[in-house]
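Trainee: Residue-level listing of the chains:
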Amino acid sequence: MSRDTDPVVNNARREAVIIGLAWLASTVYSCGYCYLFGYIRTGRPLGPDDVHPVLGMPSWFFWGVIFPWGVCSVFTFWFAGWFMADDDLGTDHTPELEQDIREGGLHE
Amino acid sequence: MNKAAAIHAQPPTMIALVLFTLISLALGVIANFAGRKGSFLEKYFLGNRSLGPFAVALTAAVMSGGTFMGFPSLVYTFGWIVGLWIASYMIAPLTVLGALGKRIGQLSRKTGAVTLPDFFRERFGSPSLGLLTSILVMFFLCTNLVAQFSAGARIMKIVLPSSTAEWVFTDDIIASSDTSYLIGLAIFTLTVVAYTTYGGFLAAIWTDVFQSIIMAVGVMLLLPLALKASGGLHHATLMGMAQTDPGFAFGPGALRSFHPITLAISFFFMWAITGMGQPSTMVRLMAFRDSRTLRYSIIYLTIYNAIVYIPLIFIFVAARSILPNLGSSDDVMPSLVITLANPYVAGLILAAPYGAVLSTVSGWLLIISSGLVHDLYQRFIRPTASEREIAWASYTATIAVGLIVAIVAMHPPDYLQLIVVFSSSGMAAAFLMPGLLGSFWRRMTATGAIAAMISGVLVTVGLYIIGKFGPDALGLGGILPDTTDIGPAKGLRPYYLFGFDPCVWGLLASLIAGIVGSLLSRPPDPARVALLFDLQPPDAPAPATLDLHPELKSS
Numbered sequence: 001m002s003r004d005t006d007p008v009v010n011n012a013r014r015e016a017v018i019i020g021l022a023w024l025a026s027t028v029y030s031c032g033y034c035y036l037f038g039y040i041r042t043g044r045p046l047g048p049d050d051v052h053p054v055l056g057m058p059s060w061f062f063w064g065v066i067f068p069w070g071v072c073s074v075f076t077f078w079f080a081g082w083f084m085a086d087d088d089l090g091t092d093h094t095p096e097l098e099q100d101i102r103e104g105g106l107h108e
Numbered sequence: 001m002n003k004a005a006a007i008h009a010q011p012p013t014m015i016a017l018v019l020f021t022l023i024s025l026a027l028g029v030i031a032n033f034a035g036r037k038g039s040f041l042e043k044y045f046l047g048n049r050s051l052g053p054f055a056v057a058l059t060a061a062v063m064s065g066g067t068f069m070g071f072p073s074l075v076y077t078f079g080w081i082v083g084l085w086i087a088s089y090m091i092a093p094l095t096v097l098g099a100l101g102k103r104i105g106q107l108s109r110k111t112g113a114v115t116l117p118d119f120f121r122e123r124f125g126s127p128s129l130g131l132l133t134s135i136l137v138m139f140f141l142c143t144n145l146v147a148q149f150s151a152g153a154r155i156m157k158i159v160l161p162s163s164t165a166e167w168v169f170t171d172d173i174i175a176s177s178d179t180s181y182l183i184g185l186a187i188f189t190l191t192v193v194a195y196t197t198y199g200g201f202l203a204a205i206w207t208d209v210f211q212s213i214i215m216a217v218g219v220m221l222l223l224p225l226a227l228k229a230s231g232g233l234h235h236a237t238l239m240g241m242a243q244t245d246p247g248f249a250f251g252p253g254a255l256r257s258f259h260p261i262t263l264a265i266s267f268f269f270m271w272a273i274t275g276m277g278q279p280s281t282m283v284r285l286m287a288f289r290d291s292r293t294l295r296y297s298i299i300y301l302t303i304y305n306a307i308v309y310i311p312l313i314f315i316f317v318a319a320r321s322i323l324p325n326l327g328s329s330d331d332v333m334p335s336l337v338i339t340l341a342n343p344y345v346a347g348l349i350l351a352a353p354y355g356a357v358l359s360t361v362s363g364w365l366l367i368i369s370s371g372l373v374h375d376l377y378q379r380f381i382r383p384t385a386s387e388r389e390i391a392w393a394s395y396t397a398t399i400a401v402g403l404i405v406a407i408v409a410m411h412p413p414d415y416l417q418l419i420v421v422f423s424s425s426g427m428a429a430a431f432l433m434p435g436l437l438g439s440f441w442r443r444m445t446a447t448g449a450i451a452a453m454i455s456g457v458l459v460t461v462g463l464y465i466i467g468k469f470g471p472d473a474l475g476l477g478g479i480l481p482d483t484t485d486i487g488p489a490k491g492l493r494p495y496y497l498f499g500f501d502p503c504v505w506g507l508l509a510s511l512i513a514g515i516v517g518s519l520l521s522r523p524p525d526p527a528r529v530a531l532l533f534d535l536q537p538p539d540a541p542a543p544a545t546l547d548l549h550p551e552l553k554s555s
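So the protein lines, in turn, are chains S and P.
Its first residue numbered 1, the first sequence is counted upward by one per residue in my numbering.
Its first residue numbered 1, the second sequence is counted upward by one per residue in my numbering.
Among the hints, a few may not be true.
[Claimed, not checked] What the simulated footprint calls covered on chain S by chain P, stretch by stretch (three residues with Cβ under 8 Å from a Cβ of chain P suffice, anywhere in the stretch; the number is not a length): (1) 12 to 26; (2) 40 to 51; (3) 59 to 71; (4) 76 to 86; (5) 94 to 103.
[To be verified] Examples of chain P residues lying across from chain S (beta carbon under 7 Å, computed): (6) Leu84; (7) Gly105; (8) Phe210; (9) Ile265; (10) Trp441; (11) Pro488; (12) Phe533.
Rather than coming from a laboratory, the hints here were simulated on the basis of the structure.
Even for Gly, the Cβ is constructed at its ideal location relative to N, Cα and C.
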């Protein structure tokens, strides 16, 4: 049997790593921005004058949630639309497995 | 009169729900005729791996009864911070479908797996692992199903005319029990069991797609009405702050520390990462047609999430201005719909959560019945069962599970959304790391997978037990500080270790146990690993065939 790694495995692994990094970036940015500019915490009381609406939303919400949501959507369109490989997922062995289950049962 | 209670007087709402139910039943019938080719098991439980991008995207939208009932209540109660609670949906289409989709799709074809226990059993060559997977799937999904049946019955109870109980029960029975709920439960159970049993996987998928479209249409209709009636988002924000406190416009939320930053980080794990480990998601990743389908479904889901979840936040912030100081925030969705929309549009929108519950339940019923029939009955009791026998066993199992869950749901549990979060965390802690490591790491072994499953579940359930009874009651008061001041105020509350949700700790424990367990156990069979990781000739056998015929290893 060949020892060459299946290209589907290599492609899927590379894509999974990039997706993991994108998740990490979105988590760090969103949580970091919202905490810095949108959280009431000790020594930083916030009130109606601190809302600074952007399109009616509190500014921290616009820049910490809506803006990265837009960036992630654009990235996703590029990633899924152009970057991901169209790999052949191979032959479906379901009938073979069903036969194996029956054959295995007959041997017991 | 409570506005939600006024729904009783709205016949158009009931007409919409009856139509919805009839369409669901019709979809079951059509689905039964649609998938005639292929083996019964692959058709009934996996739709012949024929799902297109639209179906994969909309059925992976992770919606259940809570999406349109519990989520609006949270926004109305705690304010803008709930937007951060759901913010990981910005990246969830990529993580949930993209990270594991291709490998799970490929491995399930290479092994011939049609269920999740099949998948793990064949990937690692371990019947024990398959059995453990079956037991865990059934435990968590049954817990969740009781809550979902209860939600379906509650919606039906709201919509049915208040005089319905008088047609069916005597005055004595009406006085002694919640007969409207029982009638709602009976109608819901009959509907969902009938079309799921008859239509199988495709019926569940098509109903899911149908309700997702209805839900999106409902949100699109409601958004302009709510924005106009509220006087704008900024006005609604100021109203919310006046009715609660400044936390309505900021973190960690109004009135209590609902979403401290540690929970905000946790919920980027909760939706975007734990979503990858749900049995319902993994089954869909085994059922999509090809890689192109996967790519397009990611794009469609990204669009869908943006046009449904962001507007939902706007709508229910605006509700603070339209319906100030509601007695029960759980009523905010039906109350707002009745206030803003004409009765027929209200009926259409109120049908959406009912459809969400229906489709969620039908998908889970099939996962449980496939576990009973394929992974227990066929694998351990009757391997030589004929296709006809398997078919009848599947129909019987689907009906039996539905009826048993309905009987348990006659005593409805509270706090649906928190039960959903508990079981989602538990299933992710059990299945994500074995799936992730098993897809990309050759050295992963069955022992490692079993260790990962057990550790993840024990840590998650353990933190819920500590949360339920409190550290003091368990003699841990001196070690673990109190965390009752963060997260939801009531219901199935876990213990938030260092402020993080149990899903984070469950996943971490599962990852460590999976790696350590694999490295400490004997390396896996190189021939099986080669079949699943290396380039193979077109006539390469499935791993199960290799087990039966070891002589094939040398060919």
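Trainee: Confirm or reject each hint.
Mentor: Status of the hints after comparison with the structure:
For a cut-off of 8 Å, the count of residues in the segment 12 to 26 of chain S with a CB near a CB of chain P stands at 9, and the three-residue condition holds. Given as covered by chain P, the segment 40 to 51 of chain S passes the check, having 7 residues with a CB less than 8 Å from a CB of that chain where 3 are the minimum. For the segment 59 to 71 of chain S, the assignment as covered by chain P holds, since 7 residues bring a beta-carbon within under 8 Å of that chain's beta-carbons and 3 suffice. Residues of the segment 76 to 86 of chain S with a Cβ under 8 Å from some Cβ of chain P number 8, which satisfies the need for three, so the listed coverage holds.
Only when three residues or more bring their CB closer than 8 Å to a CB of chain P does the claim for the segment 94 to 103 of chain S stand; here the count is 9, and the claim holds. Satisfaction of the interface hint for Leu84(P) is found here, the shortest Cβ-Cβ separation to chain S being roughly 5 Å, below the 7 Å cut-off. Given hint, Gly105(P) at the interface with chain S, holds; its Cβ is 5 Å from that chain's nearest Cβ, closer than 7 Å. Hint on Phe210(P) is violated. Least Cβ distance to chain S is approximately 24 Å, over the 7 Å limit.
Interface hint at Ile265(P): satisfied, since its Cβ lies 5 Å from the closest Cβ of chain S, which is below the 7 Å cut-off. A cut of 7 Å between beta carbons decides the hint on Trp441(P): the least distance to chain S is about 10 Å, and the hint is violated. Violation of the interface hint for Pro488(P) is found here, the shortest Cβ-Cβ separation to chain S being roughly 19 Å, above the 7 Å cut-off. Interface hint status for Phe533(P): upheld, as the beta-carbon distance to the closest one in chain S is roughly 6 Å, under 7 Å.
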